[in-house]
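Student: Following the hints, put chain D in place on chain P, whose structure we already have.
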Amino acid sequence: MIVVDPQIREAMLVHAENCLPEESCGLLAFGPDGRIRMAYPLTNDVHSNTNYTIEPREHFKALRHAEAQGWEISGVFHSHPDSAAYPSPTDVRLAPDPTWLYVVVGMGDRTNPEVRGFRILDGEIHDETLTFQERTEQ
Amino acid sequence: MSTTINLPTILRGHAGGRRIIEVAGMTVGEVFADVSRSYPKLAEQLTSPDGGLAVFMNVFVDDEDIRYLAGLDTAVDENTEITILPAVAGG
Numbered sequence: 001m002i003v004v005d006p007q008i009r010e011a012m013l014v015h016a017e018n019c020l021p022e023e024s025c026g027l028l029a030f031g032p033d034g035r036i037r038m039a040y041p042l043t044n045d046v047h048s049n050t051n052y053t054i055e056p057r058e059h060f061k062a063l064r065h066a067e068a069q070g071w072e073i074s075g076v077f078h079s080h081p082d083s084a085a086y087p088s089p090t091d092v093r094l095a096p097d098p099t100w101l102y103v104v105v106g107m108g109d110r111t112n113p114e115v116r117g118f119r120i121l122d123g124e125i126h127d128e129t130l131t132f133q134e135r136t137e138q
Numbered sequence: 001m002s003t004t005i006n007l008p009t010i011l012r013g014h015a016g017g018r019r020i021i022e023v024a025g026m027t028v029g030e031v032f033a034d035v036s037r038s039y040p041k042l043a044e045q046l047t048s049p050d051g052g053l054a055v056f057m058n059v060f061v062d063d064e065d066i067r068y069l070a071g072l073d074t075a076v077d078e079n080t081e082i083t084i085l086p087a088v089a090g091g
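Listed in order, the protein sequences are those of chains P and D. For what it's worth, my numbering labels the leading residue of the first sequence as 1, then goes sequentially. For what it's worth, my numbering labels the leading residue of the second sequence as 1, then goes sequentially.
A couple of the hints might just be wrong.
[What the hints assert, rightly or not] The following residues of chain D were derived to be distant from chain P, with all beta-carbon distances above 10 Å:
hint: 1; residue: Gly17
hint: 2; residue: Gly25
hint: 3; residue: Glu30
hint: 4; residue: Asp34
hint: 5; residue: Arg37
hint: 6; residue: Leu53
hint: 7; residue: Ala54
hint: 8; residue: Asp73
hint: 9; residue: Thr80
[Stated by the list, open to error] No farther apart than 20 Å at their CA atoms in a straight line, the calculated lysine to any residue pairs in the SDA-like style are these:
hint: 10; chain 1: D; residue 1: Lys41; chain 2: P; residue 2: Asp97
hint: 11; chain 1: P; residue 1: Lys61; chain 2: D; residue 2: Ile84
hint: 12; chain 1: P; residue 1: Lys61; chain 2: D; residue 2: Thr80
hint: 13; chain 1: P; residue 1: Lys61; chain 2: D; residue 2: Glu81
If you're looking for bench data, these hints aren't it; they were derived computationally from the structure. All figures in this text were calculated on a predicted structure; none of them were measured in a lab. Quick reminder that beta carbons are idealized off the backbone N, C-alpha and C, glycines included.
So that you can see chain P by itself, here it is in the shape it has in the complex (with noise of 0.2 Å):
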């Protein structure tokens, strides 16, 4: 189970909104206590309704603001505009790293969008579940 701030699971649900009809997609940036300190909302470099490609340029940029916070880039986020949050076989094909949280926004339900997460190893997808809470530590 993974702890997840309400804002970075509002930070996600925005940006798979303003990049409609198009997928969207970004990066989680893990902190020591393996919480998620930080969503990247990134362009999705092909443009597509099917598909996305992180921008190489603005992944290495927020791979530099993590590593400087001391945080680690080991999580995606992505939409599916028109269908639910679940890995599609492209993404189980395309999601080598086995110790990633894989993050799909199902927007299939425009006025009930879904945010689940998943592991996927060895082309198999587990549930990886996210509870949504504030964090009281600093």
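Tutor: The following block gives chain D in isolation, referenced to the frame of chain P:
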């Protein structure tokens, strides 16, 4: 002369778990050749069979993508940091 390479998590297993490795060379291509001697499995991930840069791999020299510089001929020195970033993509 050694140059620093900053590795992403997915590639660290090919370099003994290290995030940072020190390698030698005057260009990115020469640095990758040195990587192939010390970390052959890592080098396989960085280059294509024809000797070019692997399609899904982005390489930055300091703050610049080498695709916008001289590619594998981009010059490096002892103050350079090379950052490897696998493309992040899906559908």
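Student: Does each hint fit the structure? Answer for all of them.
Tutor: For each hint, the structure was consulted:
1. Gly17: The claim holds: glycine 17/D sits with its nearest Cβ about 12 Å from chain P, beyond 10 Å.
2. Gly25: Given a closest Cβ separation of 21 Å, the condition holds.
3. Glu30: Answer for glutamate 30/D: holds, closest chain P Cβ roughly 22 Å.
4. Asp34: The claim holds: aspartate 34/D sits with its nearest Cβ about 23 Å from chain P, beyond 10 Å.
5. Arg37: Answer for arginine 37/D: holds, closest chain P Cβ roughly 25 Å.
6. Leu53: 12 Å, holds
7. Ala54: Non-interface label on alanine 54/D holds, nearest chain P Cβ at 12 Å vs cutoff 10 Å.
8. Asp73: 19 Å, holds
9. Thr80: It holds; threonine 80/D is separated from chain P by about 15 Å at its closest Cβ, greater than 10 Å.
10. Lys41/D with Asp97/P: 16 Å, holds
11. Lys61/P with Ile84/D: 13 Å, holds
12. Lys61/P with Thr80/D: The hint holds at about 17 Å.
13. Lys61/P with Glu81/D: 14 Å, holds
Figure legend: structure checked against the earlier numbered hints; every hint is met.
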